[in-house]
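J.: Below are the chains, spelled out letter by letter.
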Amino acid sequence: MAKTTEITVWATGVVQDKEGRDVCLVLTEAAFSEGFFTQAFDNYVDLPDRINVQVRKYARISDAEIENKFEYENHRPNIIGVAEATIMKGINVCKGLQDGGYLIINSTKAPEDLLKYVPEKERKRLKAIACVDALGIAPEQLIDYSGAEGAEDVSAIGLGLGAAMAGAIAAVSGLVKKESVLGAAANRTAAKRGYDEVKIKVLK
Amino acid sequence: MAEQYKDKKEEILKETVKMTGYEDAGFDWKSEKRVGATKFLTGLGAVAHALKMADIDVASSYPIRPYTGAMMMLSQMAARGELDVEFVHGEGEHGQLGIAHGASAAGARAFTGSSGVGVMYAMEVYSPISGGRCPVQMLIGNRTLDPPGDFGSEHTDALSTRDQCWIMGWAHTPQEAFDNTLMYYRIGEDPRVYLPQMNCQDGYFITHIPMKVVVPTQEKVDKFLPPLSFPDALDPLNPLGHGPQLFPGQGHVLEATRVNAMMGAFPVIDEVVQSFNSIFETNYSPFVDLYRCEDAEYVLFISGGHAYTAKFAINHMREKGMKIGLVRPRFIRPWATDVLADILSKFKAIGVVETNNAFGAARQAGILTLEVATTLYQIPNKPVLTAFMGGLGGEVIRLDEFYYMGDVLAKAAKEGKTERTAYWIGFHNI
Numbered sequence: 001m002a003k004t005t006e007i008t009v010w011a012t013g014v015v016q017d018k019e020g021r022d023v024c025l026v027l028t029e030a031a032f033s034e035g036f037f038t039q040a041f042d043n044y045v046d047l048p049d050r051i052n053v054q055v056r057k058y059a060r061i062s063d064a065e066i067e068n069k070f071e072y073e074n075h076r077p078n079i080i081g082v083a084e085a086t087i088m089k090g091i092n093v094c095k096g097l098q099d100g101g102y103l104i105i106n107s108t109k110a111p112e113d114l115l116k117y118v119p120e121k122e123r124k125r126l127k128a129i130a131c132v133d134a135l136g137i138a139p140e141q142l143i144d145y146s147g148a149e150g151a152e153d154v155s156a157i158g159l160g161l162g163a164a165m166a167g168a169i170a171a172v173s174g175l176v177k178k179e180s181v182l183g184a185a186a187n188r189t190a191a192k193r194g195y196d197e198v199k200i201k202v203l204k
Numbered sequence: 001m002a003e004q005y006k007d008k009k010e011e012i013l014k015e016t017v018k019m020t021g022y023e024d025a026g027f028d029w030k031s032e033k034r035v036g037a038t039k040f041l042t043g044l045g046a047v048a049h050a051l052k053m054a055d056i057d058v059a060s061s062y063p064i065r066p067y068t069g070a071m072m073m074l075s076q077m078a079a080r081g082e083l084d085v086e087f088v089h090g091e092g093e094h095g096q097l098g099i100a101h102g103a104s105a106a107g108a109r110a111f112t113g114s115s116g117v118g119v120m121y122a123m124e125v126y127s128p129i130s131g132g133r134c135p136v137q138m139l140i141g142n143r144t145l146d147p148p149g150d151f152g153s154e155h156t157d158a159l160s161t162r163d164q165c166w167i168m169g170w171a172h173t174p175q176e177a178f179d180n181t182l183m184y185y186r187i188g189e190d191p192r193v194y195l196p197q198m199n200c201q202d203g204y205f206i207t208h209i210p211m212k213v214v215v216p217t218q219e220k221v222d223k224f225l226p227p228l229s230f231p232d233a234l235d236p237l238n239p240l241g242h243g244p245q246l247f248p249g250q251g252h253v254l255e256a257t258r259v260n261a262m263m264g265a266f267p268v269i270d271e272v273v274q275s276f277n278s279i280f281e282t283n284y285s286p287f288v289d290l291y292r293c294e295d296a297e298y299v300l301f302i303s304g305g306h307a308y309t310a311k312f313a314i315n316h317m318r319e320k321g322m323k324i325g326l327v328r329p330r331f332i333r334p335w336a337t338d339v340l341a342d343i344l345s346k347f348k349a350i351g352v353v354e355t356n357n358a359f360g361a362a363r364q365a366g367i368l369t370l371e372v373a374t375t376l377y378q379i380p381n382k383p384v385l386t387a388f389m390g391g392l393g394g395e396v397i398r399l400d401e402f403y404y405m406g407d408v409l410a411k412a413a414k415e416g417k418t419e420r421t422a423y424w425i426g427f428h429n430i
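Heads up: the sequence lines are chains G and A, in that order. Sequence positions in the first sequence follow this note's numbering and run 1 to 204. Sequence positions in the second sequence follow this note's numbering and run 1 to 430.
One chain only, chain G, in its complex shape (with noise of 0.2 Å):
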């Protein structure tokens, strides 16, 4: 049976399309350079052109071929990025989630703050919550539509918060190694920083 890791991370329309979009680009590149099979992709019904409006991007990692790659969610993920720590407010981001899945949120906060926005039932399933100050370590929020709608990103992958973000999920969930991380994003000290400066409440 392939064991296969989902990733859902949650940003906001235009601002973040491209940082969120680069979270589960720079893992998928490291999984995929670790012999992992990868699929990163867009919500196909959020619409990014709407500014500050929620905005979701998937990523698939396995150890098989990929069979459920048309499926347009990630209906049961494992690993939840909050790139806009005000989107937890509104929306329960960690419905679906499976048991011993992780929510990392971009915010200066303790994560022990945070998980007061997680709903019981989401909560008993988490392992960990953890902060990063991506914002903080990577101030940069590029703004580029090359990637949107299917085309490809021109631009570099990892070079402002969705590369801390993806170093601190590294770091976090374990699911691919420091080293791929950081040679999958364009601005390594981000991902590196990323990765050693998250801040990590185990649960169970």
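Possibly wrong hints are sitting among the right ones.
Computed spacing ranges between beta-carbons, pair by pair [stated by the list, open to error]:
#, chain 1, residue 1, chain 2, residue 2, range
1, A, 294, G, 183, 38 to 44 Å
2, G, 35, A, 217, 23 to 29 Å
3, A, 222, G, 96, 45 to 51 Å
4, G, 143, A, 378, 56 to 62 Å
5, G, 156, A, 400, 53 to 59 Å
6, G, 33, A, 321, 35 to 41 Å
7, A, 321, G, 177, 36 to 42 Å
Since the hints were derived computationally from the structure, they do not count as laboratory data. Glycine included, each C-beta is placed from N, C-alpha and C at the ideal position.
Model the placement of chain A on the given structure of chain G, informed by the hints.
T.: Relative to chain G, chain A alone:
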């Protein structure tokens, strides 16, 4: 069938059957010997790269999801100076096709594209383009019509234009979309054909999901695709007329030449695909891809993206001992009647997976069912034929839904009959 094609029938069939059981191009990328840069590209990205390498002269655009990304990429390539292309933005799809028509009539390698309702809005212009024998290429990223009007993929948009004398086929991976772009131009620009082509791919499934694509070297593409040579191109220094108003007594001649052009495409497709295989070291069969059909008793008949998931489902059903295979036509126009009749006559049951709806048509299923049923008409012992209405509204067809289809087909093959002419996937009482 065209006369030329008749001589080649055996050869084509042999070639097709030889492909039995092989995992076709772009599906199992590891087993391929392709040489080039491997990229993760969506179907749109793949087509844009192929167009750049095909060195198109004119692109005419109008935005509509999901095909827009290809035009985004082309316009950026033009802006960066990577591609010398006249990029013209139409005032709507009707105008967009008109621009492509004019450009092609002037001898330019022209490209355009659309999706869903946009494809329909340009309806009037398809016949003049093929009637003018202008080898325009159009990318169609399939989208539902209204209703349901969502962003998902249904083939109804492109299939509604199937009788306008355009070469037409579907890619089931981004790699195949890349390859088809080059192959279609060469088929359409062949002097024996000179016809426009619809390069179709499922919206979202192929247009938006990145998969591995090997981008070959420019040198190989140049070897495969020579520059367009179009006779009687419009030229202000040498005035001539295109598309004149005819008298009723003249029309049938024009229609007969158009039929000849379409039927003449059979040997050209065969040649072009063989040439593509030898230059790019690929394994395409010209008309039909067969997956695990070697001893299959029943098969799924799928055009387009869902064939990708179906292959995994078939692998799992095979593990359980089910004798199921997949038949995937690479071209809908021209329809390879004889090749398909020979292939399909070997099976006991056929299930056409329809991602379109033909309301009120014979058997009340989709458009492909009509084509397959007509194909089977010339076979003495006809297999059982049924249809699966799935993926409508762009819904994903899951593995378990393919298992359901497999069970229905196994039963039909065993009993020699089927309860319904169409099974609606996800509905148990229709």
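J.: Does each hint hold? Answer for all of them.
T.: Hints, one by one, checked against the model:
no.	hint	in the structure
1	A/294 / G/183: 38 to 44 Å	43 Å, holds
2	G/35 / A/217: 23 to 29 Å	26 Å, holds
3	A/222 / G/96: 45 to 51 Å	49 Å, holds
4	G/143 / A/378: 56 to 62 Å	59 Å, holds
5	G/156 / A/400: 53 to 59 Å	41 Å, violated
6	G/33 / A/321: 35 to 41 Å	38 Å, holds
7	A/321 / G/177: 36 to 42 Å	41 Å, holds
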